[in-house]
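Peer 1: Put chain B on the given structure of chain A with help from the hints.
Chains A and B are the protein sequences, given in the same order. Per this note's numbering, residue 1 is the first one in the first sequence, and the count goes up by one each step. Per this note's numbering, residue 1 is the first one in the second sequence, and the count goes up by one each step.
If you are wondering where the hints come from, they were derived from the structure by calculation, not from laboratory data. Misleading hints may appear alongside valid ones.
[As the list claims (entries may be wrong)] Part of the chain A face toward chain B, derived, beta carbon under 8 angstroms: (1) 11; (2) 17; (3) 84; (4) 219.
C-beta atoms are modelled at their ideal positions from N, C-alpha and C, and glycine is treated no differently.
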Amino acid sequence: MADKILIVDDSIDNRKLLLKTLGKGDYILLEAADGKEALARAFEFLPDLVLLDVMMPELDGYQVCEALKQDPRTADIPVIFLSAKAETQDKIKGLDTGGVDYITKPFDRGEVLARVRTQLRIRNLMKELIDKQKRLDEDLRAAAVIQMSLLPQSLPTLKEIDIAWKFIPCELIGGDIFNVVLLDENHLGFYMVDVSGHGVPAAMVTVSVSQVLQPHSGYLKKKSDSPPYYKIISPKMVLEALDREYPLERFGKFFTMVYLILNIRTGKLIYSSAGHPPTVLLHPQRPLDLLSQGGTIIGLGGVIPFKEEEKVLSKGDKLIFYTDGVVDFQNQHGESYGEERFLALLRSLEDQPLELILDGVCESLTAFGHQARVQDDVTLLGMEFKDIS
Amino acid sequence: MAKIVVQIDADLEDLIPGYLENRQNDVKALEQALKAKDFETIRILGHTMKGTGGGYGFERITEIGRALEEGAKSKDAAGILKGLNQLQEYLKAVEVVYR
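Just chain B, with the same shape it has in the complex:
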């Protein structure tokens, strides 16, 4: 699978593994919330992702977070599932290069 290379400031190196692991946990949480039709939880998760992604250097995570938040507001289950899958794929493919 094609790697997605992201350049991130070297001083964040010790925070990245923890951040990505939290996003993996988010994937699980999103799956459960979607099953339970708990759109509020999805909205909060999306909102947080939107806020943190770009700050760490993962613009894509901000985008996905925004889409999840919007999807939750309009109770768009299909859109949310799409976002969830995109997140999963992204986390598998992302490779960090420190500068």
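So that you can see chain A by itself, here it is in the shape it has in the complex:
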């Protein structure tokens, strides 16, 4: 589709000359003899470029340009001023008003043609770029939907526990993933993974890890020859297996992880952490515990073993899993939210229902950040142990 050029000049001699000059190119040419007609034609035909005279009666070129820039329909159309007003301040005014170029009259016809070609080339490149970005954005949004589908869709509804979560990736899709897995009728597995980086590459690794941690893939549960014909794999062994499966060379990424198995009948839990921020264990009316046993990040190829720790939950205890996007969040002064502030907040909210605790964390982060952009994915998973059954 040929580019459309709107020629605006109150002098018919100029319009004729420009029509003749631009007739050499492959353009659709439109004319206007004054500012009012120029705006009408611009809104009607949405030209790809406007050649705009300055000295015109009633509405001058600057006013026309301003009007074009203020309307979203025409704001992106490049405007080249063509004027016999040749003082530097005239040129500055033209460019400040939003013109992309300013050619003085009397003009060289070859120069006008060359500058018009250049501006149209830039405009077409911009359109291409915007199209590409739009497609990328659509792809990202689709990917985000897919990633959200990997998160707990319907959390196991059990009378013994409550679960709540927040998933706030910083770029539509993120490098955090978590889930609550029903291992058998007595055991729940909780895992949270934070892949280094964020955006598409990190998100793709989360997909891989989340597939590997499905209950039937053999990592969390293995078949066995004797009743009950399966074995729940301990957290330390799970982490060690993942460490072997995901050395740094595989994706150029490492990740932190916490994996916790809870017996919902007895309240006994066992966990191990791979460099992950310590899970917070809130007790009603008692100081909190930090679950920090384990080892280092996943990706070193099984070099360093992982430790495990056991605890017993009592009624009303709450677990809060989180990723470091929470505590590393910086406000516009470069100040970090920090673990201390986070733990103090959790302590102050510990009697609240889970949903309100997590809401409280998010509100606190927003208030702390003022206008700062989120720099990393923020993920929270909470569990309340209501009763031993």
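Peer 2: Then chain B, alone, in the frame of chain A:
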């Protein structure tokens, strides 16, 4: 009278007669404006001439246009009359050769 030969691109051939005729009309308009001391009209006519002359290939018309515009800004009737006469003479003497 000596001819002033101006070389102009061949593709403008169909526009030249119309352009020169408009300048003849400008001469009449300038005379009337000068009589009425309408310096604003003179300024606009001069400004347009300044802008179009060189583009068509008539550098001299640009020069005269510039002088008329300046003359109108300073309300210099004598200077304007001089420019008007120069324009008239130029239009009588000019001969276009197409290349």
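Peer 1: State the violated hints by number, sorted upward, taking the hints as numbered earlier in the document.
Peer 2: 4
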